[in-house]
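Residue numbers (our numbering), protein chains in the order written: chain E, 1 to 615; chain A, 1 to 441.
Quick caveat, the hints were computed from the structure, so don't treat them as lab data. Treat the hints loosely; a few may be bogus.
To be verified - In silico BS3-like links for lysine-lysine, alpha-carbon gap of 27 Å or less:
| # | chain 1 | residue 1 | chain 2 | residue 2 |
| --- | --- | --- | --- | --- |
| 1 | A | Lys379 | A | Lys159 |
| 2 | A | Lys359 | E | Lys602 |
| 3 | E | Lys358 | E | Lys578 |
| 4 | A | Lys379 | E | Lys558 |
| 5 | E | Lys358 | E | Lys321 |
| 6 | A | Lys336 | A | Lys159 |
| 7 | A | Lys58 | A | Lys105 |
| 8 | A | Lys105 | E | Lys555 |
| 9 | A | Lys337 | E | Lys602 |
| 10 | E | Lys551 | E | Lys468 |
| 11 | A | Lys359 | E | Lys551 |
| 12 | A | Lys400 | E | Lys547 |
| 13 | E | Lys557 | A | Lys105 |
| 14 | A | Lys201 | A | Lys226 |
| 15 | E | Lys602 | A | Lys400 |
| 16 | A | Lys384 | E | Lys504 |
| 17 | A | Lys411 | E | Lys558 |
Since we're looking at a predicted model, the values are computed, not measured.
The primary structure of each chain is shown beneath.
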Amino acid sequence: MKHSTLWDVIVVGGGHAGVEASLISKHLNCEVLIVTMDVAALGRMSCNPAIGGLAKGQIVREIDVLGGKMATFADQTGIQFKTLNKTKGRAVWSPRAQIDKRLYERTVVREIKKQNINLLEGEVVSVSVSGEKISGVKLRSGETLRTKSLVVTSGTFLSGIIHVGDRKILAGRMGEERAEGLTESLVSLGFRSGRLKTGTPPRLNKHSIDWSKTQIEEGDKYPVPFSYFTGDFKPKNELCHLVNTNLNTHEIISDNKNKSPMFSGDIGGVGPRYCPSIEDKIHRFSQRGSHSLFLEPEWENSDQIYLNGFSTSLPEEIQIKALREIDGLEKVEFFRPGYAIEYDFFPPAQLKNTLETKDVSGLFFAGQMNGTSGYEEAAAQGLLSGINAASYAKEKEPLVLSRSSSYTGVMIDDLITKDTLEPYRMFTSRAEYRLMLRISNTADRLQEDSSKHNLLPFDKRNILLNVKSKRTKINNRLKTSIKPEHISLKIKIPQAKPATELIKRPGFSIKDLPINFYEESDALPLWLVDDILFDVESEIKYEGYIKRHLKEIEKLKKHEKTKIPKTFDYNSIKGLSKEAIEKFNLVRPETIGQANRISGIKPSDSTVLIINVLK
Amino acid sequence: MYDSHTIVAQATPFGRGSVSIIRLSGEKALLIAQSLASDSMVLRDRVVVLSSVFIDSKKKIDEALFTYFRNPNSYTGEDIVEISCHGNPVIVDSIIKRACFLGAKIAEPGEFTKRAFLNGKLDLIQAEAVGDLINSRSEEAALHQNKNLSGSVSSTVLKIQKDLLSILSSLEFEFDVSELDTHLPENVNNYLKVLKNSCLKVRSILNSYSMGLAYTQGLRIALVGKPNVGKSTLMNCLLGENRSITSSVSGTTRDTITSEITLSGVPVLLIDTAGITNTDNPIEKEGVLRASKEIERADIIISMSSPKIKKIETKHSKKTIHVYNKTDSIKAGLVKKPSYFYISALKNQGVDLLLERLKLLVTENNFSTDSTINNLRQKDALEKSLSSLTSALNILKNNKPELELVAFEIKDSMNFLSVFLGKVNSEDVLNGVFSNFCVGK
């Protein structure tokens with residue numbers, strides 16, 4: 001490897017953000033280098049052995065359409081698949097998979113190698129800037145590297161401190177060294193940094209659990225993959241198990257909650273928020289006598305069991321004591337206790353909607369360092385920052401996703417306009433156009449962006465085109481009118497009716513129509529045709545609601561397009577409240593739309609701003 | 001940046017007068033004006049035309065003058081038609097309603113000015129001046145809308161909002177946190193119960209609207225003073241009938257008593273408040289609390305005192321008339337202050353002068369000018385809120401309810417309740433700008 005090379009993109013960190021950033025920029029014909037402290041830890045799943053889940057499943061499929069790899073990795077390494085929220089409404093359906101962590105890491109490494117991405121083991125301690133542009137990085141070894149663009153994905157490693165009760169360990173993850181110096185280097189360039197905390201539950205020894213006392217959780221009978229490109233899908237279906245906490249457990253935890261550095265008590269929150277620690281859950285939902293805990297294998301036949309739902313930073317002996325009150329865990333032993341980790345993050349209002357920093361061009365931040373939590377959130381940011389770093393290096397148009405196009409768009413917009421007081425996790429309720437952001441219309445929503453930016457190889461792009469044309473075909477066939485004698489016993493109609501009108505009836509499914517939608521020429525796996533059928537049905541059933549969403553989007557469009565000049569002087573505007581001036585100066589919104597969404601901005605302030613920008 | 005609806009509003013102050021002007025602005029202004037008038041009317045730019053005004057195909061309600069201002073040479077830069085009709089609230093209301101039926105929308109406060117600004121007609125409007133105005137006035141505007149609601153109505157609406165919020169949180173918990181659906185059936189039952197209840201409540205407020213109970217039109221004049229100063233007696237005097245119970249036992253009026261009268265053609269609500277005094281009697285305490293609320297909501301305050309009973313010092317900036325009652329009980333030697341009215345409500349002495357002064361005040365100051373418009377707008381918000389609630393309820397009654405749609409409808413319904421309460425919708429940013437102007441401007 002020539003170290004005098006001028007790289008197109010250097011990616012700092014090899015977690016889920018770093019992996020996506022490097023793979024996509026490589027696909028976009030960039031010279032890419034990953035610098036990571038441990039090349040063996042690429043794509044490591046540091047917390048739960050699962051991908052997807054509520055609101056996150058949608059993100060994974062968005063990643064898929066935008067040229068990312070997480071969906072494919074998950075499909076290849078999943079050991080149980082399940083779609084959540086099936087009883088709650090079609091737009092909130094979220095796929096989730098239990099993952100074999102070891103296999104996942106191996107799969108990621110294989111892909112990085114296959115794509116010939118350059119790897120360098122080392123610790124970045126500072127970034128170099130020339131003018132207002134990024135120019136390179138310096139490693140702890142003293143070596144310097146030159147680059148056109150830089151994506152920093154430092155995860156929880158910057159000045160990481162692990163807490164187990166009052167025990168403190170300096171580390172980036174349990175057993176892995178932390179990174180030092182980069183924060184200071186960025187701060188000296190004028191960036192603001194802060195500290196965040198997140199936690200992980202204990203890992204249990206499989207043989208110390210009495211499995212006969214646990215409840216069994218199965219995967220879906222007809223599993224659906226994350227990726228459009230997975231083809232026919234017959235994954236493993238390993239059993240999962242669950243146990244329930246009881247009042248004795250709760251009492252032990254309540255009595256000791258002051259020993260937990262992660263316990264936030266009443267500070268920072270009303271109601272349920274980002275996956276709370278068990279001590280928080282017991283405090284906040286004190287009326288609930290029991291919480292479910294999932295026993296998840298970390299890999300196939302793993303001895304190590306991840307105790308989902310019991311994230312904690314209580315002292316180890318309290319954790320054990322509380323758990324041993326639970327049926328099935330009377331004799332439980334740990335491989336590793338639950339812990340909290342504290343790390344540096346960079347308030348993401350310092351970023352543009354491309355994830356490039358506002359002050360240093362060519363410098364991008366992605367993942368947990370932006371104050372998010374979760375693999376999926378990190379991967380989506382990694383992907384976007386990779387796309388835009390490549391665009392920057394190649395002098396092309398950046399990709400910006402709107403709030404109405406995707407959860408990824410919602411997330412990035414939230415990050416750059418809202419105050420981050422706790423790790424940001426995606427929720428469906430964060431999307432105001434939730435009914436339009438369905439897992440089943442992901443291709444529909446993002447295909448245009450994807451092809452415009454060349455994010456997919458030829459064969460995959462073709463599959464999406466097939467999906468699109470199948471959709472059109474189905475819609476065309478629905479234009480037929482259905483005669484009474486052709487309809488099943490399910491409903492009775494007096495005269496012929498358009499098919500779409502029948503679908504609008506509650507309880508009536510597109511599959512109840514006397515139309516065969518499956519064709520030999522589909523060239524699509526069965527699950528995918530079903531997925532399209534389901535979405536066409538959703539679109540018809542939800543037509544009225546979608547129209548209301550569209551109307552709202554149209555109304556706000558102008559605000560999104562009205563740009564605020566970069567050098568706009570908020571201080572000189574009469575009529576803005578002091579608080580608004582402070583916030584606008586801090587965030588420096590790029591558009592009126594962003595300005596309106598900054599937390600705490602009153603309508604009167606945004607109006608004054610609009611008038612002055614339009615003046 | 002605004003919808004291109006044609007808007008309509010009364011441009012002159014609310015109430016009776018010789019002439020009221022109704023202003024139409026937008027693409028359809030000409031068409032609507034034409035439909036309001038007789039078929040033979042021909043409107044030309046800047047020419048005043050006399051025509052009958054019809055509120056349905058046959059029913060003539062008034063004779064009025066129509067003036068057409070062709071775009072862009074008008075106040076808003078759009079087509080404008082001004083209709084000068086007789087200054088009777090009933091006529092004005094009917095014409096506005098008819099215009100709405102014909103496709104106009106009632107203007108938001110300041111919407112005419114907003115359109116003028118956006119069409120580049122008001123380059124003189126200094127953004128700074130507008131900014132100052134917004135900051136000083138936006139809260140006041142919300143207060144103003146709320147003021148005309150009776151207290152029980154706004155507290156009911158707040159309660160409904162609270163109930164809806166609790167279901168919404170529970171729904172969002174289901175979507176975003178709970179991975180199981182074990183509690184779903186019992187939750188749905190609870191949602192049904194709350195929604196039914198909320199529907200009932202909103203419907204009953206709407207009913208009270210049509211009976212005119214929810215809303216008090218016109219000016220509010222509050223009689224304020226310590227117990228036994230003679231508030232009820234004065235009120236009876238002003239009303240000319242025995243409305244309040246009067247007795248010499250202090251604290252007879254524990255509740256606030258209201259009566260409507262007309263002064264110089266303007267509807268006025270007289271409010272007899274309970275005497276304000278420090279008391280431990282819980283019933284009276286309640287009355288005292290209401291009295292202070294009434295002061296908040298009043299446009300004019302009559303502050304009363306009498307021999308041995310001093311006036312109450314309260315902090316407010318309302319127009320206040322000082323009345324010294326019970327002059328009949330003084331033998332001689334009263335030193336009169338110039339700005340005070342000296343009366344004996346019991347013997348009906350000096351009350352006529354007070355009445356004259358009130359009439360003058362009422363016509364001089366147009367206090368709640370846009371109350372009719374607010375009334376219509378609030379009713380509209382309630383109706384929309386009810387319709388969303390009903391949809392939510394219907395979805396829930398299905399066999400397998402789509403809970404995300406229920407959440408959608410509840411959110412919508414809560415938004416409309418906020419509009420009802422006079423909150424500015426943060427999305428409609430620009431609409432807030434000029435809302436401090438009167439509706440017809």
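Hint by hint, here is what the structure shows:
Taking the CA atoms of A:Lys379 and A:Lys159, the gap is near 18 Å; set against the 27 Å cutoff, the hint holds. Proximity of A:Lys359 to E:Lys602 is assessed by CA-CA distance (about 40 Å); at most 27 Å being required, the pair is judged violated. Our distance criterion of 27 Å between C-alpha atoms is met by E:Lys358 and E:Lys578, whose separation comes to about 23 Å. For the hint pairing A:Lys379 with E:Lys558, the CA-to-CA distance comes to about 30 Å; that exceeds 27 Å, so the pair is violated.
This hinted pair does not check out: E:Lys358 and E:Lys321 have alpha carbons roughly 49 Å apart, beyond 27 Å. Of the supplied pair hints, the one linking A:Lys336 and A:Lys159 is violated, its CA atoms being roughly 50 Å apart against a limit of 27 Å. For a cut-off of 27 Å, the pair hint linking A:Lys58 to A:Lys105 stands: about 23 Å separates their Cα positions. For the suggested pair A:Lys105 and E:Lys555, the alpha carbons sit about 17 Å apart, so the restraint of at most 27 Å is met.
Distance hint between A:Lys337 and E:Lys602 is unfulfilled; the C-alpha atoms sit about 47 Å from each other, more than 27 Å. As the CA atoms of E:Lys551 and E:Lys468 are separated by approximately 24 Å, the hinted pair is consistent with the 27 Å bound. Between A:Lys359 and E:Lys551 the alpha-carbon distance is near 49 Å, which puts this suggested pair outside the 27 Å criterion. As the CA atoms of A:Lys400 and E:Lys547 are separated by approximately 23 Å, the hinted pair is consistent with the 27 Å bound.
Among the hinted pairs, E:Lys557 with A:Lys105 is consistent with the structure: their alpha-carbon atoms are about 23 Å apart, no more than 27 Å. Our distance criterion of 27 Å between C-alpha atoms is broken by A:Lys201 and A:Lys226, whose separation comes to about 37 Å. Note on E:Lys602 and A:Lys400: the hinted pairing is violated, with a Cα-Cα distance of about 40 Å set against a maximum of 27 Å. Of the supplied pair hints, the one linking A:Lys384 and E:Lys504 holds, its CA atoms being roughly 23 Å apart against a limit of 27 Å.
In summary, the hint linking A:Lys411 to E:Lys558 is supported, as the alpha carbons are separated by about 24 Å, within the 27 Å threshold.
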